[in-house]
Amino acid sequence: MKSLPPYPPRRSGFTLLELLIGMSIAAAMFAVVLSAGSFLLKSLYVANDYSNESNEELRAMDFLARDIRGALSFSIPTGGNTLTITLPDYYTSYDAQGNPTGTPRDPVITSAVVDYGDKTKPLVVTYFVSGTNLVRRQTVQATNTTTDLLVCSNVNAMELAFVAMSTSVNYSITFQPKHQAVSAALRAGTKLTGTVSARSMRFNTP
Amino acid sequence: MHPSNHPKLRSSSHGGVLITTVLIVAVMSMLTAAILHAVSARHASTYQSVSWNEALSSAENGADFGVRTLTQAITDPATAWAAWTPSDATTFPKTYNLNPPAHIGEGNTKVFSKITVDNSIKDAPGKTWYRIRSTGVAELPSRSINGIEAAVRDSTGAKNHRSVLRKPRFSTDITGGLLKLPQVPRTIEVMTEPVGGYPYKRALTVKNTLNFGNAAIVDSFDSSNLLYSTNGQYDSSKRRANADIASNVSGNLSNLGGAHVYGDASSNGGTFRGAEDVQGNIYNNFQTTFTEIPKPSFSTIEVSPSTINMPASAVTLPGGSKDFPKNYKLSTMTSNGAPVIIAPSAPGVESYVNVWITGNTKIWGNSYVQVEPNVTVRFYFEGDTKVTGNGFVNKSGYAANIQLIGVTPASPTTTPNMYVSGSGGFMGVMNAPAWNLELSGSGDFFGSAIAKVANFNGSGQFHYDEALGRLGGPVISAFQVASWVEDIR
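Top line first, the protein sequences correspond to chains A and B.
Residue numbering for the first sequence follows numbering that gives the first Met the number 0, beginning at 0 and increasing consecutively.
Residue numbering for the second sequence follows numbering that gives the first Met the number 0, beginning at 0 and increasing consecutively.
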């Protein structure tokens, strides 16, 4: 019996036209995905910057508010770029970065004024901008130990002023300009402002 | 064999589409994951900030609650600490958990305060200051550490997370299960100073108006100083000019009636009428607060008598020691014939008596209230009081030995009346900042008075005993925050 001729071979692959159309569609899809991805990545960077800067701002507010509220006294030297605060020496010991490691002291009342530790040697805390960092320098006078903390970075400037009666401080911290998601131009640096009153400051001693 | 089953005849284009789809989905998924991660971090960061501030608010609420309880305990020591542990009036330290109502829905998180008050700190004169430590805790609505701020760096660039003020707790519950984890705690310590003053530091202090019906003399002496008194008694030849008078309202509303006031006259604005003979300075910038007088709180009360109502014979109320005075609570005290004698515990023994009259008091006719030598008595009046006839007889000769105290009524619109007259005048102090006070009769007044309204219609003179300025020590009227520290451990 004579065998049947082989089944005609099916055409394999694509025509040139199909290939071109397919590649065009694929290229367009990848272009859309990549450009969207690029934009999203840039947005993410900006969002991340925003988030980080928010944390920097909050940290600056935390430290300034905490220190000024508990201040025994404070001064703003000429120029208004530095804030020096005296604070009660509240803890029995501190670590190398100025964090409390000891326990709170019992207060001593002298002439109706509350003192912790040696009242002649309160903590001295100074805030200033060094380079682009806001620095909190703490000196424990009782042990003559000075430590620096970089509270936040990307800072351009800090301005300070007393509010009336010199019991409160207006502070203003300007951060560096940041990138924007939809523009190549930098957006203006954030200016963080606030007012804090010293709750422990005493004016007269009976 | 069916052609479609021929291995060499199947198209390979299906695999290419699949791979392309998988790649695109993978890229999109990664982008979505990155977005969600960033959003999640910012979301958590926002919650962290909210909780951080709520924790401080909660801590300060706790401190305020402590200050408020201390102030309440000045006038109501028996019940002010009822919800604290321990609940008695004298045992410290005390603790209290301030639990807000359960939060439902969106918005703020649930917060909690733990307050501790201790009295272990005293100043050099021995005055007790109270230390309030308040820990406010807020729930942190996040299970992730995403958004928790980075560690702060020291000058060498070394990071140290302990340097960050915000220290959320993810595993240690400090509320005893009242709040969920994670939590943000903040602790503050405030020192509170008792504030107040000596009540009898002026001759006369009134909340409202002051009127002298006749051209009286208002001067001072010092029963504790022989230079300014004779055997502790007033001597016009040793008259002093420290008999200050003050009104807490405009001076225009008062009339000094041309009284010779040997001291300063102060009002809260305006100008006193009839002030032409004030020998001292006249001020119109006076302003003060008055300590309301609560009902007394006696640990023990004598069983008898429970009332004095027109007795046929003299009624004697013996005293006790300074630490254990005899306390009497009377529903009324009226008499027009028999006297009421406030006696020492034994002849010549220094004695103390407290008499609390919840109803009206009326002494008239031949009756009188006699306070024997060496006896100090405090009358706490709740109802209208009228003492005429022979009035109060102070056998000790010192104003500090008779103290008439007008309890502040519950209703601010009620103003009880205290009327004291008598041929022998009156020697004692009156502290009734919510009462109308009227002094009449021909006798002189020796002592000091605090009233809402004071009218002097008699012909007698007013002699302020400067020794009263130190009577009883300073009266604590409130507590004020003297220092504020946040514990950042």
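Calculated directly from the structure, the hints in this document are not laboratory data.
Keep in mind that this is a model prediction, so the values were computed, not measured.
Ideal Cβ placement from N, Cα and C applies to all residues, glycine included.
Hints should not be assumed to be uniformly reliable.
Derived lysine to aspartate or glutamate pairs resembling EDC-like cross-links, with alpha carbons at most 20 angstroms apart [to be verified]:
| # | chain 1 | residue 1 | chain 2 | residue 2 |
| --- | --- | --- | --- | --- |
| 1 | A | Lys-118 | B | Asp-221 |
| 2 | B | Lys-121 | A | Asp-94 |
| 3 | B | Lys-394 | A | Asp-61 |
| 4 | B | Lys-93 | A | Asp-105 |
| 5 | B | Lys-158 | A | Asp-147 |
| 6 | B | Lys-166 | A | Asp-94 |
| 7 | B | Lys-294 | B | Glu-275 |
| 8 | A | Lys-118 | B | Asp-234 |
| 9 | B | Lys-126 | A | Asp-114 |
| 10 | B | Lys-158 | A | Asp-105 |
| 11 | B | Lys-158 | A | Asp-61 |
| 12 | B | Lys-166 | A | Asp-105 |
| 13 | B | Lys-126 | A | Asp-105 |
| 14 | B | Lys-158 | A | Asp-114 |
| 15 | A | Lys-120 | B | Asp-221 |
| 16 | B | Lys-166 | A | Asp-114 |
| 17 | A | Lys-118 | B | Asp-322 |
| 18 | B | Lys-121 | A | Glu-52 |
Okay, the calculated beta carbon distance ranges per label pair [claimed, not checked]:
| # | chain 1 | residue 1 | chain 2 | residue 2 | range |
| --- | --- | --- | --- | --- | --- |
| 19 | B | Thr-288 | A | Ala-160 | 44 to 52 angstroms |
| 20 | B | Thr-31 | A | Ala-26 | 40 to 48 angstroms |
| 21 | A | Lys-120 | B | Ala-150 | 23 to 31 angstroms |
Hints, verified against the model:
At most 20 angstroms may separate the alpha-carbon atoms for a hinted pair to count; Lys-118 (chain A) and Asp-221 (chain B) exceed this at roughly 40 angstroms. For the proposed pair Lys-121 (chain B) and Asp-94 (chain A), the alpha carbon gap of about 31 angstroms is over 20 angstroms, so the pair is violated. Distance restraint check for Lys-394 (chain B) and Asp-61 (chain A): the Cα-Cα separation of roughly 66 angstroms exceeds the 20 angstroms cut-off, and the hinted pair is therefore not satisfied. For a cut-off of 20 angstroms, the pair hint linking Lys-93 (chain B) to Asp-105 (chain A) stands: about 17 angstroms separates their Cα positions.
As the CA atoms of Lys-158 (chain B) and Asp-147 (chain A) are separated by approximately 12 angstroms, the hinted pair is consistent with the 20 angstroms bound. Pair hint Lys-166 (chain B) plus Asp-94 (chain A) holds up; C-alpha atoms about 17 angstroms apart against a cutoff of 20 angstroms. Note on Lys-294 (chain B) and Glu-275 (chain B): the hinted pairing is violated, with a Cα-Cα distance of about 40 angstroms set against a maximum of 20 angstroms. Proximity of Lys-118 (chain A) to Asp-234 (chain B) is assessed by CA-CA distance (about 50 angstroms); at most 20 angstroms being required, the pair is judged violated.
Among the hinted pairs, Lys-126 (chain B) with Asp-114 (chain A) is consistent with the structure: their alpha-carbon atoms are about 16 angstroms apart, no more than 20 angstroms. Between Lys-158 (chain B) and Asp-105 (chain A) the alpha-carbon distance is near 31 angstroms, which puts this suggested pair outside the 20 angstroms criterion. With a C-alpha separation of about 18 angstroms, the suggested pairing of Lys-158 (chain B) with Asp-61 (chain A) holds against the 20 angstroms cut-off. A threshold of 20 angstroms between alpha carbons decides the hint, and for Lys-166 (chain B) with Asp-105 (chain A) the separation of about 24 angstroms lies outside it, so the pair is violated.
For the suggested pair Lys-126 (chain B) and Asp-105 (chain A), the alpha carbons sit about 16 angstroms apart, so the restraint of at most 20 angstroms is met. A distance of roughly 32 angstroms separates the Cα atoms of Lys-158 (chain B) and Asp-114 (chain A); the hinted pair therefore is violated under the 20 angstroms criterion. Annotation: proposed proximity of Lys-120 (chain A) to Asp-221 (chain B) is violated, straight-line Cα distance about 45 angstroms (limit 20 angstroms). A hinted pair counts as satisfied when its Cα atoms are at most 20 angstroms apart, and Lys-166 (chain B) with Asp-114 (chain A) does not qualify at roughly 27 angstroms.
Among the hinted pairs, Lys-118 (chain A) with Asp-322 (chain B) is inconsistent with the structure: their alpha-carbon atoms are about 38 angstroms apart, more than 20 angstroms. Proximity of Lys-121 (chain B) to Glu-52 (chain A) is assessed by CA-CA distance (about 46 angstroms); at most 20 angstroms being required, the pair is judged violated. The beta-carbon spacing between Thr-288 (chain B) and Ala-160 (chain A), approximately 35 angstroms, falls outside the hinted interval of 44 to 52 angstroms. Between Thr-31 (chain B) and Ala-26 (chain A) the CB atoms are about 23 angstroms apart, so this pair departs from the stated range of 40 to 48 angstroms.
As the Cβ distance of Lys-120 (chain A) to Ala-150 (chain B) is approximately 29 angstroms, the hint placing it in 23 to 31 angstroms holds.
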